[in-house]
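Q: Take these sequences, add in the hints, and give me the full structure.
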Amino acid sequence: MTPFTTHTGLAVPLDRANVDTDQIIPKQFLKSIRRTGFGDNLFDAWRYHDEGDMGKTPNDREINSDFILNVPRYQGASVLLARENFGCGSSREHAVWALSEFGFRCVIAPSFADIFSNNCFKNGVLPIVLAEAEVVALFDRALAGEDVQVAVDLAAQTVSSGDAVYGFDITEQRKHSLLNGLDEIGATLAQAESIKTFEGSYKQRRPWTFLRDV
Amino acid sequence: MAQTLYDKIWQDHLVTEQEDGSALLYIDQQLLHEVTSPQAFEGLRLADRSVWRIAGNLATPDHNVPTDPKERETGIAGITDLIARTQVSTLDDNCRAFNIEQYDIHDKRQGIVHVMGPEQGATLPGMTIVCGDSHTSTHGAFAALAQGIGTSEVEHVLASQCLLQRKTKNLAVRISGELGHGVYAKDLVLKIIGELGTAGATGHTIEFMGEAIRNLSMEGRMTVCNMAIEAGARAGLVAFDDVTAAYVKGRPLAPSGELWDQALAYWRTLHSDADAVFDTQHSIDVTNMAPQVSWGTSPEMVVAIDGVVPEPVGAKEEGIRNACTYMDLQPGQKMTSIELDRIFIGSCTNARIEDIRVAAQVAKGRKVASSITQAMVVPGSGLVKAQAEEEGLAQILVDAGFEWRAPGCSMCLAMNADKLQPGEHCASTSNRNFEGRQGHNGRTHLVSPATAAAAAIAGHFVDSREFV
Ligand code: SF4
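Line order of the protein sequences matches chains A and B.
Going from the first sequence to our numbering is simple: count from 1 and add 8.
Going from the second sequence to our numbering is simple: count from 1 and add 123.
No lab work stands behind these hints, which were simulated from the structure alone.
Incorrect hints may have been included.
[Unchecked claim] Straight-line alpha carbon distances no greater than 27 Å define the calculated DSS-like cross-link-like pairs of lysine-lysine that follow:
#1 B/Lys-490 with B/Lys-193
#2 B/Lys-457 with B/Lys-439
#3 B/Lys-131 with B/Lys-487
#4 B/Lys-292 with A/Lys-183
#5 B/Lys-131 with A/Lys-211
#6 B/Lys-290 with A/Lys-183
#7 B/Lys-131 with B/Lys-290
#8 B/Lys-131 with B/Lys-231
#9 A/Lys-211 with B/Lys-372
#10 A/Lys-204 with B/Lys-290
#11 B/Lys-131 with A/Lys-204
#12 B/Lys-487 with B/Lys-193
#13 B/Lys-372 with B/Lys-231
#14 B/Lys-290 with A/Lys-211
#15 B/Lys-487 with B/Lys-439
In this text, all values refer to a predicted model and were calculated from it rather than measured experimentally.
A: Below, the structure written as structure tokens:
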């Protein structure tokens, strides 16, 4: 996984609550069996006027120039500023792959849906929960026309922007994984002995759950 | 110490726990399908890892398979969408390469993962179950801890049979009263989500309890748990009881003989202790509750069938206004005035035999309105399909003008040809009414099978209690 230590970038305000993963990457792109190729279709139904499908390139599409990601001053933005319950709905990790490939390294919101947030951590994208009032302050500045630059320091667990410094929470395990770009499966398999021991005693206790094992 | 049902199952599967609360949880059963698994298998291959416990996995294609019976006749080779065909055959290849059991496209047992699991007895009480699909919460109806996960986690479970997690909080939703005639589990869960809101249960596992839940069949309980995720919960649960036991007994993958007795003795402990403490509580009385219908673009935007589209006021003003624009509805407009273009009866929420029976009961001796472009019934599995045909339900539906399809997710997420055209309104028994979910610029209303079937007959929403 790509490590995440610090990141500085322009924040683009996506002023909508409850943005769901069907919005982030519509289902027609889920037919792909690959992990890449989703960036051009991030927020597809909002970014383009015509209906998207696999194989269509942005050059063949009708761009919706009103959509915030298409506004010229936000080109190159790498921090997504979002409202509450961002990423609700489907468990599709394709949503994070699309955000990441588009160039987002972190998403800041007052709250995230559970599975989406997990998926972010697995892909080196940092979902940062700030207090409602802090997110509102960032939105107010961005919507008033200011270019909001944001500096994230994962080790210090801070987001700095303008004169403000906001702290955020993260579990030690996740922080460690991200800072070191750790292979989580590898880390789990390093505990293979514990898993085997557990499995052995669990099988004694609940033998009927192993009926299909030969 | 008194424990909740969630606490008990969590504790029973805890491999290790760190100081910061991160835990390794042992997973009994992983269900796989074609859409969220290819990248996980690819990851395994790239890292040269093997599957930890082959029998801990079970696969079936569902999201992307065609439901046109003709297109299904020749199996994978018959799938006309070449990209979809590749995805389904990739699942085939991966299952073969890693020796994982699959109910493939030709198999009678093939179906929507969340219909197939319980039907086969792959879902058992007290288990931990995961699947790369958010509606895995469905299996919680069996007092199993069942959660949707992303593809990286699918890979993690394939490789280690464990999931890295932190414990959630406990939320009790207590439902009192009795559902009236012609009011169903779907109406109940829509009402609950309307009250909790789509983020109301974030960070929690919900246990549904109370009289109305105990009176539900397993099918009904699955419908309720299925939509727990729409309230933001990680999982939904219902305590084990005789109804659960009766459903599980005799299923192909369920224990029998002495093992059954042993399992049953344990399963009887799968309920929250009387004095267990929940972090959050919500109570609701369903006496006199009418059938429910969603008007907007989020599953919390729900009103009674005799209700109206709400006014854009209060904290959610902007959301209501956006949804009205997308849905082309006016505040104050009666739900019964909404004309439908398509009807979809299917999905892991409502495509079990009981749902088909209700739809057929409404349709019997009646005709789908001529203004309806398409009314489709998509059974949840090959076995549901066969049973419905045997009971004569399929014929009743076809005689009334419904299309009778082959099993799959179909228009629930519209990955295949089953979808709405821009601007169309659909009465759907699925679980999500997000913008574009059932087709680009399509407009979805979530309802019970009875309400969907009644809307098909009337051409617009109508109180289905008059039909059953
Ligand atoms: S029927 Fe719909 S919600 Fe259920 S598994 Fe299929 S796509 Fe997901």
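Q: Does each hint hold? Answer for all of them.
A: Verification of the supplied hints:
no., hint, verdict
1, B/Lys-490 with B/Lys-193, "24 Å, holds"
2, B/Lys-457 with B/Lys-439, "20 Å, holds"
3, B/Lys-131 with B/Lys-487, "46 Å, violated"
4, B/Lys-292 with A/Lys-183, "22 Å, holds"
5, B/Lys-131 with A/Lys-211, "17 Å, holds"
6, B/Lys-290 with A/Lys-183, "18 Å, holds"
7, B/Lys-131 with B/Lys-290, "12 Å, holds"
8, B/Lys-131 with B/Lys-231, "35 Å, violated"
9, A/Lys-211 with B/Lys-372, "21 Å, holds"
10, A/Lys-204 with B/Lys-290, "22 Å, holds"
11, B/Lys-131 with A/Lys-204, "21 Å, holds"
12, B/Lys-487 with B/Lys-193, "25 Å, holds"
13, B/Lys-372 with B/Lys-231, "20 Å, holds"
14, B/Lys-290 with A/Lys-211, "23 Å, holds"
15, B/Lys-487 with B/Lys-439, "41 Å, violated"
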